[in-house]
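Novice: Between the sequences and the hints, there should be enough to build the whole structure, so can you do that?
Each chain, letter by letter, is given below.
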Amino acid sequence: MKDSFWFPIVFMLIMVIFFAGILAVMYRTSESKIQDYQIDTYQRTVLKTLAAKISEASGQSRAEILANYPMSYERYVQELFLDGFERRVFQAIVAGEVVAYCFEIKGNGLWGTMQALVSTSTDFRTILVFDIVDQKETPGLGARIQEEWFLQQFYNRLFVSNPESPTDVTQNYEFIAETQSPETDQQLRRITGATITSDSVLKMLKHELNYIYNNMRTKEL
Amino acid sequence: MTKKEIFLTAAFKENSIWRQILGICSALAVTNLMLNSLIMGLGVIFTLAMANLTISLIRNWTPRSIRMMVQTLIIASYVIIVDIFLKANLPEISKQLGPYVGLIITNCILMGRAEAFASQNPPLDSFVDGIGTGLGYALVLLLISFVRELFGFGSIFGFTVLGDWWINWNIMVMAPSAFFILALLIWIINTYYYKAKV
Numbered sequence: 000m001k002d003s004f005w006f007p008i009v010f011m012l013i014m015v016i017f018f019a020g021i022l023a024v025m026y027r028t029s030e031s032k033i034q035d036y037q038i039d040t041y042q043r044t045v046l047k048t049l050a051a052k053i054s055e056a057s058g059q060s061r062a063e064i065l066a067n068y069p070m071s072y073e074r075y076v077q078e079l080f081l082d083g084f085e086r087r088v089f090q091a092i093v094a095g096e097v098v099a100y101c102f103e104i105k106g107n108g109l110w111g112t113m114q115a116l117v118s119t120s121t122d123f124r125t126i127l128v129f130d131i132v133d134q135k136e137t138p139g140l141g142a143r144i145q146e147e148w149f150l151q152q153f154y155n156r157l158f159v160s161n162p163e164s165p166t167d168v169t170q171n172y173e174f175i176a177e178t179q180s181p182e183t184d185q186q187l188r189r190i191t192g193a194t195i196t197s198d199s200v201l202k203m204l205k206h207e208l209n210y211i212y213n214n215m216r217t218k219e220l
Numbered sequence: 000m001t002k003k004e005i006f007l008t009a010a011f012k013e014n015s016i017w018r019q020i021l022g023i024c025s026a027l028a029v030t031n032l033m034l035n036s037l038i039m040g041l042g043v044i045f046t047l048a049m050a051n052l053t054i055s056l057i058r059n060w061t062p063r064s065i066r067m068m069v070q071t072l073i074i075a076s077y078v079i080i081v082d083i084f085l086k087a088n089l090p091e092i093s094k095q096l097g098p099y100v101g102l103i104i105t106n107c108i109l110m111g112r113a114e115a116f117a118s119q120n121p122p123l124d125s126f127v128d129g130i131g132t133g134l135g136y137a138l139v140l141l142l143i144s145f146v147r148e149l150f151g152f153g154s155i156f157g158f159t160v161l162g163d164w165w166i167n168w169n170i171m172v173m174a175p176s177a178f179f180i181l182a183l184l185i186w187i188i189n190t191y192y193y194k195a196k197v
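Protein chains in written order, with numbering that gives the first Met the number 0: chain C, 0 to 220; chain U, 0 to 197.
If you are wondering where the hints come from, they were derived from the structure by calculation, not from laboratory data. Quick reminder that beta carbons are idealized off the backbone N, C-alpha and C, glycines included. Check each hint, because a few of them may be wrong.
Each computed SDA-like pair below joins lysine to any residue, with the alpha-carbon atoms no more than 20 Å apart [said to hold, decoys possible]:
(1) C/K105 x C/Y68
(2) C/K135 x U/M68
(3) U/K86 x C/K205
(4) U/K94 x C/K1
(5) C/K205 x C/S54
(6) C/K1 x U/K86
(7) U/K86 x C/T40
(8) C/K47 x C/K1
(9) C/K105 x C/H206
If you anchor each label on the Cβ, the simulated ranges turn out as follows [unchecked claim]:
(10) C/L81 x U/L184: 55 to 61 Å
(11) C/G111 x U/A174: 19 to 25 Å
(12) U/K94 x C/A62: 18 to 24 Å
(13) C/I175 x U/K94: 27 to 33 Å
Specialist: Below, the structure is given as structure tokens:
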């Protein structure tokens with residue numbers, strides 16, 4: 000029987016149906032848990048990018064704001080839905096006043112699309128906090144863009160220095176080796192062995208900040 | 000062979016990493032932290048044991064011409080089960096392990112044991128072989144990560160054991176350090192166990 004023409008085909012078919020069935024049941028039962036975690040992580044990152052400004056305006060410490068998630072998120076953070084603006088936008092509101100904005104941005108890395116959250120000042124010119132939400136870079140090399148020292152280089156940086164330009168409004172930054180110390184404000188340390196990924200992060204920020212500034216400054220919020 | 004002999008042979012005497020030099024990629028990649036190594040080790044133990052058991056259970060009905068396809072399907076299914084379980088229940092660790100859980104499928108040890116042992120031996124023996132091989136693999140991962148985490152971060156399983164005076168060795172956090180440690184481990188075991196026996 001095992002040597003017949005049909006047996007291997009039928010056998011393989013039964014195996015595929017059996018294992019695909021098990022995986023489908025397992026995925027269905029875990030789906031909501033996985034989604035809840037993804038939403039939770041995303042909202043925590045939004046709060047993280049806005050926490051410093053909320054802290055300044057409310058007097059509450061940054062650690063306290065982060066520890067009080069999800070209450071602090073519901074209290075201070077609001078998602079905005081803007082016509083013709085193709086990014087997710089969140090605003091931090093303290094005592095009725097907007098203190099900062101947070102944008103979901105995307106860019107091309109070496110191996111796939113990177114997704115990040117960046118908070119800006121209310122004039123959209125300065126990056127407050129920047130965090131990578133999702134990336135597909137090489138573990139141990141490009142994936143190190145999620146390390147704190149690399150991300151913190153972008154904190155509180157003026158990105159829009161030429162507000163009157165109709166095309167490119169962003170300030171010029173350049174990378175130096177990871178082991179060197181920056182000598183000017185325009186120098187940032189790149190990740191060793193991940194030149195393309197480091198450059199991609201800067202390119203993404205430059206492109207997205209340009210888009211955000213040019214689109215948001217004319218909107219009535 | 001008795002069950003005990005099968006287990007000891009798979010875990011130590013014919014250890015897949017230090018004796019057969021299999022599964023090296025993941026051994027080098029995930030050993031920067033002990034917790035990552037432990038979870039990876041548990042994932043491989045589960046996948047190996049269950050895949051061996053399943054392959055052995057159906058060995059008498061599996062047509063020879065498609066056996067590799069069947070083995071790959073079974074191994075891949077168990078790896079996806081581990082991946083979904085981690086994503087749903089241990090998401091932080093799943094995130095840290097990143098693509099490596101999925102890459103258990105490509106771990107040579109799994110196909111090696113399926114072809115060399117499970118497809119020719121009874122289910123219980125194959126299950127014990129899977130546990131033993133997985134444990135041997137996890138043991139090596141933990142040994143390497145112990146050295147890397149201790150010197151690279153001054154901690155063990157995330158708990159700081161070397162005080163503020165300790166200066167972390169950056170090389171230990173980077174992948175090349177795993178090469179040196181694994182090479183040293185193989186050298187020590189070869190010298191003091193296999194060669195001494197000869």
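Novice: Each hint should be assessed against the structure and marked as holding or not.
Specialist: Hint check:
Of the pairs offered as hints, the one joining C/K105 and C/Y68 is violated, with about 25 Å between alpha carbons and a cut-off of 20 Å exceeded. Distance check on the hinted pair: C/K135 and U/M68 sit about 29 Å apart at the alpha-carbon level, beyond 20 Å; violated. Our distance criterion of 20 Å between C-alpha atoms is broken by U/K86 and C/K205, whose separation comes to about 33 Å. A C-alpha spacing of about 43 Å is found between U/K94 and C/K1, which places the hinted pair above 20 Å, so the restraint is violated.
Between C/K205 and C/S54, the direct Cα distance comes to roughly 27 Å. Violation of the 20 Å bound is thereby established for this hinted pair. Of the pairs offered as hints, the one joining C/K1 and U/K86 is violated, with about 39 Å between alpha carbons and a cut-off of 20 Å exceeded. Pair hint U/K86 plus C/T40 holds up; C-alpha atoms about 13 Å apart against a cutoff of 20 Å. In summary, the hint linking C/K47 to C/K1 is not supported, as the alpha carbons are separated by about 61 Å, beyond the 20 Å threshold.
Between C/K105 and C/H206 the CA atoms are separated by roughly 10 Å; this keeps the pair inside 20 Å, and the hint holds. A hinted range of 55 to 61 Å holds for the C-beta pair C/L81 and U/L184, which are about 58 Å apart. Judged by the Cβ atoms, the range 19 to 25 Å given for C/G111 and U/A174 holds: they are separated by roughly 21 Å. With their beta carbons about 22 Å apart, U/K94 and C/A62 fall inside the hinted range of 18 to 24 Å.
In this structure, C/I175 and U/K94 meet the distance hint of 27 to 33 Å, their C-beta atoms being roughly 30 Å apart.
Comparing the model with each numbered hint stated earlier shows that hints 1, 2, 3, 4, 5, 6, 8 do not hold.
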